[in-house]
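Each protein sequence line maps, in turn, to chains S and U. Just remember that this note's numbering sits 29 ahead of the position in the first sequence, which is counted from 1. Just remember that this note's numbering sits 29 ahead of the position in the second sequence, which is counted from 1.
One or more hints might be untrue.
Pairs count within a copy or across copies, as identical chains cannot be separated in the list.
Stated by the list, open to error - Restricting the straight-line Cα-Cα distance to at most 20 Å, the calculated cross-link-like pairs of lysine to any residue (SDA-like) are: (1) K215 to I51; (2) K376 to T133; (3) K375 to I51; (4) K410 to A144; (5) K398 to G118; (6) K450 to E125; (7) K376 to R135; (8) K215 to D52; (9) K141 to S548; (10) K164 to P437; (11) K316 to E125; (12) K311 to C397; (13) K556 to D395; (14) K376 to L142; (15) K311 to A396; (16) K375 to D402; (17) K353 to N384; (18) K376 to G76; (19) K215 to H636; (20) K141 to Y377; (21) K450 to D217; (22) K376 to V148; (23) K450 to N592; (24) K311 to H596; (25) K375 to V148; (26) K353 to L476; (27) K164 to N571.
The hints are simulated quantities; they were obtained by calculation from the structure and are not laboratory data.
2 protein chains.
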Amino acid sequence: MVTNETSRNPPRVIIERVQPEIDAGRHPAKRVVGDSVEVSADIYKDGHDVLGARVVHRPVEESTWHAAEMAYDRDEDRWSATFVVDRVGDWEFRVEAWADPFATWRRGLSKKLDAKLDVASELLEGATLVAAAAKRARGSDRTDLRVVAERLAQTDVPQAERVALALEDPLATRMAGLRDRRHDTKYDRTLTIVVDRERARFAAWYEMFPRSQSREEGRHGTLADAEQRLPEISALGFDVVYLPPIHPIGEHFRKGPNNDPRGAPDAVGSPWAIGSAVGCHKSVHPKLGTIEDFDRFVATAERHGLEVALDFALQCSPDHPWVKEHPEWFFVRPDGTIAYAENPPKKYQDIVPINFWTDDRQALWDACKDIVDFWIAHGVKTFRVDNPHTKPFAFWEWLIGEVKKDHPGVVFLSEAFTRPKPMKGLAKIGFSQSYTYFTWRNSAHELEEYLTELTHTEMAEYFRGNLFTNTPDILHEYLQRGGRPAFLVRHLLAATLSPLYGIYSGYELCENAALRLGSEEYLDSEKYEIRTRDWNAPGNINAEIRLVNRIRHENPALQHPRNLTFHLSENEQILFYRRSAPRNELLIAVNLNPFRAEETMVHVPLHEIGLPDDASYVVEDLLTGARYAWHGARNYVRLDPTSNQVGHVLRLAEPALEAA
Amino acid sequence: MVTNETSRNPPRVIIERVQPEIDAGRHPAKRVVGDSVEVSADIYKDGHDVLGARVVHRPVEESTWHAAEMAYDRDEDRWSATFVVDRVGDWEFRVEAWADPFATWRRGLSKKLDAKLDVASELLEGATLVAAAAKRARGSDRTDLRVVAERLAQTDVPQAERVALALEDPLATRMAGLRDRRHDTKYDRTLTIVVDRERARFAAWYEMFPRSQSREEGRHGTLADAEQRLPEISALGFDVVYLPPIHPIGEHFRKGPNNDPRGAPDAVGSPWAIGSAVGCHKSVHPKLGTIEDFDRFVATAERHGLEVALDFALQCSPDHPWVKEHPEWFFVRPDGTIAYAENPPKKYQDIVPINFWTDDRQALWDACKDIVDFWIAHGVKTFRVDNPHTKPFAFWEWLIGEVKKDHPGVVFLSEAFTRPKPMKGLAKIGFSQSYTYFTWRNSAHELEEYLTELTHTEMAEYFRGNLFTNTPDILHEYLQRGGRPAFLVRHLLAATLSPLYGIYSGYELCENAALRLGSEEYLDSEKYEIRTRDWNAPGNINAEIRLVNRIRHENPALQHPRNLTFHLSENEQILFYRRSAPRNELLIAVNLNPFRAEETMVHVPLHEIGLPDDASYVVEDLLTGARYAWHGARNYVRLDPTSNQVGHVLRLAEPALEAA
């Protein structure tokens, strides 16, 4: 019972509502290297003692704690301290608080002096406190404090002299350091923080199917072909190149073009139907090349400042070696066959799901981890995980935790499109990044509401949204109907609303042909066939992508998630928001209407920026170089997609910032 | 590390955000006997299994758990169940969830049948599930299920027949009951609820100084005098009569009238300066009478349906026996004297504070508990605790916990007026009721904001505000200036905004003389002298108090705290709110302006009540008996304090409710 608990070792100070704390400390908050972590708490005590508090913190593998003193905010009645996480990996922190007898005594002494009261007794009490501290002290401190204690108690020395001695600041500092810590109160829980590489938070992703990268119509592309494209992808300003599964593809039940279950002669099959006689999750599809080709691909990518992200899809084709070697890892039907995936009436016979709760669970889970370790050994530091919400959350928490023990820098992106709670749950149990609902948020209201949730609620502590404009599964109606301007709009939004975003190749060519009306599937999807393209085909938006990615790299304001705020635009077709970093103020306006020009008055949050109501200032459009003289909060904006202008990325010119 | 934890026994279902849960289960929620507790949680799992969940609950001293199945709300993606706490004391509950293989299988079977697919294999899988359940079953279940399993597997029996058997509801029910529970997931924490007597939530308090109850001017009143008054206090409709300390008062440094530190000849002293040569916290002040007189007082109170609340003030006069017997329980100064209370330049020499962290802490804490036990033995079930925020929170948590082990029905009222967080903290660690900021909330906006916080935030789970109109320390300017109407207004507000409220005697006589301008202290305060009064003096509001208290007892809507909602009144001088219970709809309008008549249009929340927009309905003013025919949402109200009408307590007439 609580009562016994407290009667054994009663807390003398109350510590509550510590932040960041997710689900009572069950899950860690997320940061990247170099971030400063602000820890805050409600701390109070009975009576009127002077309180002190601190946050102790350390990387978990370190033995020594470091301390940051907490400061008190009277308006909020809240304590807080900040510390920097300067290393990748798991960190932990704890809040401690105490009443400070010497500081309390010192304040009381001053009060009595102000009230012109005799302090003879106070001085003797102070002497006792100092003498006690001396016992705890070492070396010169010890002797010095003994002397102070004796002096304070010397009634034959004038009070004024002893008071002066008692109130010396160095004495206060010394006494604080020698505080008797036996009665310090520790918060119930030690909390954790996962610190990732900077790229876990700031990166532009480019997804491409290697088999589509040959320049000759019809020829199956290779990793070597894909390698050829790395320089231009890098030149476009992307940071991560993501490859769908590159493993051998099952022979049985291969789907034909456009997901035709009847298959087709020489169908290439879906890369997500992994495994065949020639290999498994740890093999490279023979037609793509060899593991050496892959190593070369990774090396070339690195030379061009690109990181390679690999797909991690835990499912098998019926031909996967595991099916023969470990039938117990699957769902065996009474007739002895292995169950394939299905959602009646739909059948996915090219895929057999894994039974993660098989009796021999540990062997299976270890085998899954082996796959990750294998590709890490080949230079992969980022994994895009396919449908994690269809595998046990406990499995992911275990796998990510185990992998990060040896490789804390590894990044896992959760490709889950499901209800909000499971999506959040996956982020909580360890995924570094998550796909989002961004593709389905197209109106100003939808975008403001959703991005505000991502960046200004508890989600911001653990959920890093990676805003994809499109995926092989999602070609939104907005893109299908809006033409080239729509592609510019959605790219500009993704790239400036979030430090993490991505496109799936073909986007730069404004490919917008859907399988059929009302479908988000691509026509002739690369999931089932090879698509060779002219990457510089007319109408492409390469130049725009390159520019926006450069702006992202040049402006710190676009590299952090939490500095996003939305502001009034008098025309709901134009979304207006601010991204802010020290000396880097961006005001962004995007015309969400791909069909025609829109104009509006936008309201600049002058006070938040630190400008007076009547400020005159210059904003420069980083997209065009144009400079505008703005005055006060309310300013005019006109954006015409038909003349290629879907948005402004306005940087506040330096002088204004200096004025601020 | 979390990963090891989960790898040992991984949860298969996620259970999050359980409510009610206060500070991660550190503190219990509060209820009274007969309440139903709604427990809700986020529950989800990977994949698409059919889930089940339940709340198991019990009084802590019971060994067996009772279960309440949780239901799923698709819109909220939230699970919930309700159970009734039918006994005073500590309760605990836990949420459990699981995936249901048979239900999942059954749904899959139906899907396939709908899709006209062959289910031969499904039937065999079903047979296996049923056979496994048979092993877990007992008696006839066991044999029956064996038969079902065999039948399902009989390939020579037509599929249609076996399908019919498989889909029988009784089978589903049986299988649910025989579920393999080994993999059920339990929520991390078992949570607690403190269940109090109904009176802890619904009561009208009356505070009086026994020494002022003699009817002869100047004579020191006795408990016998006070006893005389119980019938009329009961007739006024009060439920609790609260006495400031009735113990011997210290002789030294007695304050004179109006807190004069120089004292006065035959000063009676402050009842809160407890203890003298003649007795301690467990004694009755000789001038008030004997412990037998007190027992008689309690008995008479009970006969009149009144409960006696005693003041519990843990501080001593310098003459308190403890000071001699246990100087170590106080703060001893270097000169050997006991430190008195002071807040420079103020001195409170008639009081010496207790050192709750003395080395001999347990002896002191036990001695404090002895005081409570002593008065409980004399029939006291309610304690009003003086300044709890100046004593250790850990002490109160211990004391209240220990007392409630033997006397779970005892009620503790926290008299703390301090910052919001410590006030909440005291409620969390065990106080049944709390004083509030009500006296300082006088405008419509202040009242709506504060009462909404009390009744519609997490506070409602643990903080029971007792709205006092006045106390011996607080005579608000509103009462000082507003005259009789002000007293009617504040009484009506307190009594109808909260099931718990109280007045300090003299209020019914509209006593409003302050010590001086700008002070909230009473002139000639009873804290320092005896005040004899004519309780039926002209201008008294006894009739109004009696009526309002009767209305409280007759209307369930006024007996629960969470059913309060505020609604639009077009004149901010008139506060308009609703109190609602089954078949008991109250609409209350109060004119906050004590000086003149105000009129307004109030907006009745027809939809919430269940009436159509164009409803015609009758409301009856329970204060006057007047009936008004109202139509639609917007209706006219005029309240004239100068003609004694400060508010309406409108009850929706039955027909309208039946229509609803």
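message = Of the numbered hints stated earlier in the document, which are not met by this structure?
response = Per hint list: 3, 4, 9, 10, 11, 13, 16, 19, 23, 24, 26, 27 violated.
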